[in-house]
Amino acid sequence: MNCLSSELAGVKLRNPILMASGTFGFATPVAKLYPLDKLGGVVTKGLTATPRSGNKGTRLCETPSGLMNSIGLENPGIPRFLSSELDEMTRLDTNIIINLGGSSIQEYEKGAAMIEEACKQRKSDGKRSADLLELNISCPNVKEGGMLFGLTAGQAREVVRVVRQTTSLPLLVKLSPNAQDLVRIAEMCETEGADGVSLVNTFQAMAIDIHARKSVFRHGYAGLSGPAIKPIALRMVHQVTKAVTIPVVGMGGISSASDILEFIMAGAAAVQIGTYNFMNIMAGASLADELQTLMKQEGISSLQEVRGIV
Amino acid sequence: MNCLSSELAGVKLRNPILMASGTFGFATPVAKLYPLDKLGGVVTKGLTATPRSGNKGTRLCETPSGLMNSIGLENPGIPRFLSSELDEMTRLDTNIIINLGGSSIQEYEKGAAMIEEACKQRKSDGKRSADLLELNISCPNVKEGGMLFGLTAGQAREVVRVVRQTTSLPLLVKLSPNAQDLVRIAEMCETEGADGVSLVNTFQAMAIDIHARKSVFRHGYAGLSGPAIKPIALRMVHQVTKAVTIPVVGMGGISSASDILEFIMAGAAAVQIGTYNFMNIMAGASLADELQTLMKQEGISSLQEVRGIV
Amino acid sequence: MLTLMATVLSNERLTASVFRLAIEGSFHGEPGQFYMLRSWDKSPLLSRPISIHDLTSTAITFLIRLHGEGTRLLSRLTSGDQVTLYGPYGNGFPKPGGNVALVGGGMGIAPLLFSAKRFPFSKVFLGFSGEPFAVASYQALHGDVVFQSGGTILDAIDLNSFDKIYACGPLPMMAELRRRTAETAAQLYVSIEKRMACGIGICNGCTINVGTGNHKACTVGPVFPAEEVDFDELLEL
Amino acid sequence: MLTLMATVLSNERLTASVFRLAIEGSFHGEPGQFYMLRSWDKSPLLSRPISIHDLTSTAITFLIRLHGEGTRLLSRLTSGDQVTLYGPYGNGFPKPGGNVALVGGGMGIAPLLFSAKRFPFSKVFLGFSGEPFAVASYQALHGDVVFQSGGTILDAIDLNSFDKIYACGPLPMMAELRRRTAETAAQLYVSIEKRMACGIGICNGCTINVGTGNHKACTVGPVFPAEEVDFDELLEL
Ligand SMILES: Cc1cc2nc3c(=O)[nH]c(=O)nc-3n(C[C@H](O)[C@H](O)[C@H](O)COP(=O)(O)OP(=O)(O)OC[C@H]3O[C@@H](n4cnc5c(N)ncnc54)[C@H](O)[C@@H]3O)c2cc1C
Ligand SMILES: Cc1cc2nc3c(=O)[nH]c(=O)nc-3n(C[C@H](O)[C@H](O)[C@H](O)COP(=O)(O)OP(=O)(O)OC[C@H]3O[C@@H](n4cnc5c(N)ncnc54)[C@H](O)[C@@H]3O)c2cc1C
Ligand SMILES: Cc1cc2nc3c(=O)[nH]c(=O)nc-3n(C[C@H](O)[C@H](O)[C@H](O)COP(=O)(O)O)c2cc1C
Ligand SMILES: Cc1cc2nc3c(=O)[nH]c(=O)nc-3n(C[C@H](O)[C@H](O)[C@H](O)COP(=O)(O)O)c2cc1C
Ligand code: FES
Ligand code: FES
Chain A
1 MNCLSSELAG
11 VKLRNPILMA
21 SGTFGFATPV
31 AKLYPLDKLG
41 GVVTKGLTAT
51 PRSGNKGTRL
61 CETPSGLMNS
71 IGLENPGIPR
81 FLSSELDEMT
91 RLDTNIIINL
101 GGSSIQEYEK
111 GAAMIEEACK
121 QRKSDGKRSA
131 DLLELNISCP
141 NVKEGGMLFG
151 LTAGQAREVV
161 RVVRQTTSLP
171 LLVKLSPNAQ
181 DLVRIAEMCE
191 TEGADGVSLV
201 NTFQAMAIDI
211 HARKSVFRHG
221 YAGLSGPAIK
231 PIALRMVHQV
241 TKAVTIPVVG
251 MGGISSASDI
261 LEFIMAGAAA
271 VQIGTYNFMN
281 IMAGASLADE
291 LQTLMKQEGI
301 SSLQEVRGIV
Chain B
1 MNCLSSELAG
11 VKLRNPILMA
21 SGTFGFATPV
31 AKLYPLDKLG
41 GVVTKGLTAT
51 PRSGNKGTRL
61 CETPSGLMNS
71 IGLENPGIPR
81 FLSSELDEMT
91 RLDTNIIINL
101 GGSSIQEYEK
111 GAAMIEEACK
121 QRKSDGKRSA
131 DLLELNISCP
141 NVKEGGMLFG
151 LTAGQAREVV
161 RVVRQTTSLP
171 LLVKLSPNAQ
181 DLVRIAEMCE
191 TEGADGVSLV
201 NTFQAMAIDI
211 HARKSVFRHG
221 YAGLSGPAIK
231 PIALRMVHQV
241 TKAVTIPVVG
251 MGGISSASDI
261 LEFIMAGAAA
271 VQIGTYNFMN
281 IMAGASLADE
291 LQTLMKQEGI
301 SSLQEVRGIV
Chain C
1 MLTLMATVLS
11 NERLTASVFR
21 LAIEGSFHGE
31 PGQFYMLRSW
41 DKSPLLSRPI
51 SIHDLTSTAI
61 TFLIRLHGEG
71 TRLLSRLTSG
81 DQVTLYGPYG
91 NGFPKPGGNV
101 ALVGGGMGIA
111 PLLFSAKRFP
121 FSKVFLGFSG
131 EPFAVASYQA
141 LHGDVVFQSG
151 GTILDAIDLN
161 SFDKIYACGP
171 LPMMAELRRR
181 TAETAAQLYV
191 SIEKRMACGI
201 GICNGCTINV
211 GTGNHKACTV
221 GPVFPAEEVD
231 FDELLEL
Chain D
1 MLTLMATVLS
11 NERLTASVFR
21 LAIEGSFHGE
31 PGQFYMLRSW
41 DKSPLLSRPI
51 SIHDLTSTAI
61 TFLIRLHGEG
71 TRLLSRLTSG
81 DQVTLYGPYG
91 NGFPKPGGNV
101 ALVGGGMGIA
111 PLLFSAKRFP
121 FSKVFLGFSG
131 EPFAVASYQA
141 LHGDVVFQSG
151 GTILDAIDLN
161 SFDKIYACGP
171 LPMMAELRRR
181 TAETAAQLYV
191 SIEKRMACGI
201 GICNGCTINV
211 GTGNHKACTV
221 GPVFPAEEVD
231 FDELLEL
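Protein chains in written order, with UniProt numbering: chain A, 1 to 310; chain B, 1 to 310; chain C, 1 to 237; chain D, 1 to 237.
Rather than coming from a laboratory, the hints here were simulated on the basis of the structure.
A few of these clues could be false.
[As the list claims (entries may be wrong)] With a straight-line cut-off of 25 Å between C-alpha atoms, the simulated BS3-like cross-links for lysine-lysine are:
no.: 1; chain 1: B; residue 1: Lys38; chain 2: B; residue 2: Lys296
no.: 2; chain 1: D; residue 1: Lys194; chain 2: A; residue 2: Lys32
no.: 3; chain 1: D; residue 1: Lys95; chain 2: A; residue 2: Lys214
no.: 4; chain 1: B; residue 1: Lys56; chain 2: C; residue 2: Lys117
no.: 5; chain 1: D; residue 1: Lys194; chain 2: A; residue 2: Lys56
[Claimed, not checked] Distance ranges between label pairs, derived from CB positions:
no.: 6; chain 1: D; residue 1: Ser17; chain 2: A; residue 2: Ser258; range: 48 to 58 Å
no.: 7; chain 1: A; residue 1: Ser258; chain 2: C; residue 2: Gly130; range: 53 to 63 Å
no.: 8; chain 1: D; residue 1: Thr7; chain 2: A; residue 2: Arg80; range: 52 to 62 Å
no.: 9; chain 1: B; residue 1: Gln180; chain 2: D; residue 2: Gly211; range: 25 to 35 Å
no.: 10; chain 1: A; residue 1: Lys214; chain 2: D; residue 2: Ser129; range: 22 to 32 Å
no.: 11; chain 1: A; residue 1: Lys32; chain 2: B; residue 2: Arg213; range: 54 to 64 Å
A quick note: this is a predicted structure, and the numbers were derived from the prediction, not measured.
For glycine and all other residues, C-beta sits at the position ideal for the given N, C-alpha and C.
Input sequences plus hints: build the corresponding full structure.
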């Protein structure tokens, strides 16, 4: 599968297909369904320095070609992840990307430091560790009353700077489509030394239960993902790839090999598959082959040949 | 149908269902399919001071539960509209909203002035005229190379101010979901004397033809509408209704009576139906009845009872 | 204009990718006009424009090629299923005086059966790149049917012997026919396909730029006088 | 764990809104486990969690109530159609020792047929608010079937005579059963329904807060010891 090989921030990828944060857990349950060496890599569920129990009430709601979620960053906390999950994940034959969340600068810094320390320790123990860190800068901000954090360039800069100083892993910054000026934030990430950016996270959205006369989700708004958002996500990825020189990981509604090729042609170095995993839990088992077949049909001998062609 | 009666910026509406700009032409072709007294009102295709031939190349592209368009504001120009279309429209038994576009302050001002003059003339001739003016502040900006105009509060303020000074019609300002800070722009519209705001216009989006290795649309990006965007549009309408005191007209992907009720519960004074007209050309013939039936089922005796309840 | 929920009478597969869909009812229409069809609820979003293939007092027939999702769903319909039809829409071929040639290429033959029925003094030319289909129904109706597989059907037409030529087919074929008839007396009319959202002139999605300015293919067309059509621009898409 | 494209054997309508769907194949599973089903491509987006109703060496059966779009599509399947199944997922009812009561309310009776088959010393209680359905299949399997329409089936159970009670039904019924068994020696297990995206513990969509902390209904559940479940919180949704 040479024609699919890709590179991301110095990390070699077997193929450009990564599994998106929050839609693949810690990967091990899926490893029982198909071999994960079919994938370029997997991103962990978003992790925070301390455990989070997530949101109460309804957490999922389907929309036309979309999925709304309000998981609320439920996760076991970084220490438990490092002591129990990471080890199992490193036995998988694919790249590992840790997704880091937080709702204050301090929390991000603390989380990044824990990961840094553990990865160094593992290295000195001769053990495999994570390959990349993905910094999610649009998490719920608990302090400011459930608002999203990191949507303006100012706030975002602080977080990126602190984490960049803390981690020695290649650093991707995951951008929110709800940001006021996405391109400016991406440029800022480049300036602050990020090795790449990934986008998009979910779109802030709403659903109302007309019978109950209230929002379906307790927190009012939730995040929209899935094929519905693909056209907007593709536009954003295209805009960002034209503005920065660091690699861009594209995602948002990808549900076929042809969608992947669109993101690559828009300039993405790699892509992530999120909601599609729920439409087809076996998606990752065949997407790389489907991409290769499609490339043959279209006379494309390597992704490099068409990356950013549009 | 008393329970559906609504009001918008001082204009009485038989029901809250308006047909959105660009998805209903100048209404007369539909009047041959069903009586337009089923509707609260109709919005004209976007009009500019001088005629526009619109964009070349592909103008439409379907996406999962969405529609992308790049019509490029093709329209006969305001003078021809006023001399030929408006008269026919005033024979329809429903409210008429003129949608005004432009790509420079001057063009907007000129267009608004032409409409003002014609409406005054019609009045003094004892003829019916338009009921409202909807100012679309996110049109393609021809001068600045196809970029969108009116996405920042500064630019938008200028346009709204000039048009407000020019027109004596009740003024709605139609907001773009691509604006950097939607809520701030809505507040600005209120400050500048707009009688209401309507939202959302289409989301900037992209589709790539992987075979041709280029964008499906000649201008690169196009506008996404339809059920795919509804959850995001609803969130935006909710945010704006909480921020301003002037009425808000909600739209974006509405395709059922239950969608309409969601927007009303989010605070909308009225709604517009766009893309759904293309999914069901007879939509307008039955939506008001369906809404009434649904309200009965849910024990809602008037829209006022639930407007903004969420 | 009519909007109708109607019932499928039959759906016959003619080749691997072409089917003939018959729908019960008394429909209206002229040769070259079309209906907007859908047999699904909300996905895909738009209805599909399909020409009238044949019309009797009790049924309307469409000849359809499998293309994408929409035609795939139409191809699966079976007797008794429900379809929604809007139409007839557009302006078809003008009523001919004199000799008329009906020239169809591939799927473009679809509107020509009903045309041949209504224009009995016409001669029919059907060109196929692969396996021919539906030819028998043209022959059953009409003595004068020439058909050909491979090559170009245009070579089989004595272009000087017709007053009017009505063509429907791939753009390159119609552009070539335009070149070949430029010097003849024959008036050429062509049927143009554009993506359509509404079919009734309210979306501006189907505009084509013809010599006389912008026109909507759904209301002014789909049939246009060939000399007004800018084939180079259309071919560029 | 298995992922399978399989073929519908039969689909019987039992009442206006309940149907029994049988699918061909040799499937695995334990009483109380479920499969994720879909018979559509991309819309609706998610597969639907459905309990194992019955399992033989050649077929698996589901008992399903029409609810929204997904179950509507499943209800339209006919013999020969294809379905995609993922599963078996989750933890079912524990293997009982002693006397066990299987208590189902409405659609909650679905997992109890296979349970009754595997737990031959159980007694079955089926409660319906309206028209009863599927009762004959329980009776065919098992001598001890009590069923009732209207009122509450709970009144028919001598709660002191069981070591274990396995219940599936509306939350208020299970909450009431919890109250009534609080003072008895019987251990109560309940099957909890939550919206699920993945079914295998990777989306965190189905978390429920039980006494021992957060647990995923799809992997740790859907069956939980009743004393761990916070019914008040669940009822609030
Ligand atoms: C006036 C008119 C009459 C037609 N008559 C016939 C006919 O009799 N028989 C027949 O087989 N086909 C006919 N077509 C073409 C037919 O409409 C398309 O093949 C069909 O819309 C494809 O839909 P799809 O979902 O299968 O393909 P997709 O490619 O999935 O469709 C994607 C979108 O593009 C549009 N589209 C794709 N191809 C065309 C096309 N050639 N013309 C217009 N829109 C297109 C679709 O409507 C849809 O909106 C006609 C087209 C027009 C405009
Ligand atoms: C473990 C488990 C086992 C189940 N077993 C059965 C069974 O044997 N027979 C049966 O008839 N039903 C069963 N259900 C309920 C069944 O999954 C829902 O009725 C079904 O998902 C509704 O889908 P819909 O598209 O028809 O309805 P919609 O209301 O349109 O569905 C909208 C969304 O909500 C979800 N949803 C709606 N109701 C439920 C629910 N009660 N539980 C979980 N998700 C829901 C759907 O999956 C979908 O994502 C079970 C649920 C779970 C969690
Ligand atoms: C259920 C769910 C949980 C998610 N959790 C996270 C998360 O913890 N961290 C994160 O950065 N993104 C999270 N995301 C966002 C996805 O990683 C992805 O950015 C988004 O869903 C868009 O891609 P898609 O349309 O392919 O799903 C989550 C998405 C879903 C649907
Ligand atoms: C084909 C098409 C043309 C449109 N033209 C205009 C326009 O001229 N002026 C305008 O303000 N909005 C225009 N719109 C936007 C719609 O009025 C509406 O804001 C948008 O489509 C979202 O609503 P919907 O999802 O219900 O379609 C157009 C939309 C479509 C699909
Ligand atoms: S298809 Fe809408 S104007 Fe022609
Ligand atoms: S359904 Fe995804 S974790 Fe349970």
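Here is what the structure says about each hint:
1. B:Lys38 to B:Lys296: holds (18 Å)
2. D:Lys194 to A:Lys32: holds (23 Å)
3. D:Lys95 to A:Lys214: Outside the cut-off at roughly 42 Å; violated.
4. B:Lys56 to C:Lys117: violated (37 Å)
5. D:Lys194 to A:Lys56: holds (12 Å)
6. D:Ser17 to A:Ser258: 48 to 58 Å: violated (39 Å)
7. A:Ser258 to C:Gly130: 53 to 63 Å: violated (25 Å)
8. D:Thr7 to A:Arg80: 52 to 62 Å: For Thr7 (chain D) and Arg80 (chain A) the Cβ distance comes to about 44 Å; the hint is violated.
9. B:Gln180 to D:Gly211: 25 to 35 Å: violated (47 Å)
10. A:Lys214 to D:Ser129: 22 to 32 Å: holds (26 Å)
11. A:Lys32 to B:Arg213: 54 to 64 Å: violated (39 Å)
In summary, the structure is inconsistent with hints 3, 4, 6, 7, 8, 9, 11 from the numbered list given earlier, while agreeing with the others.
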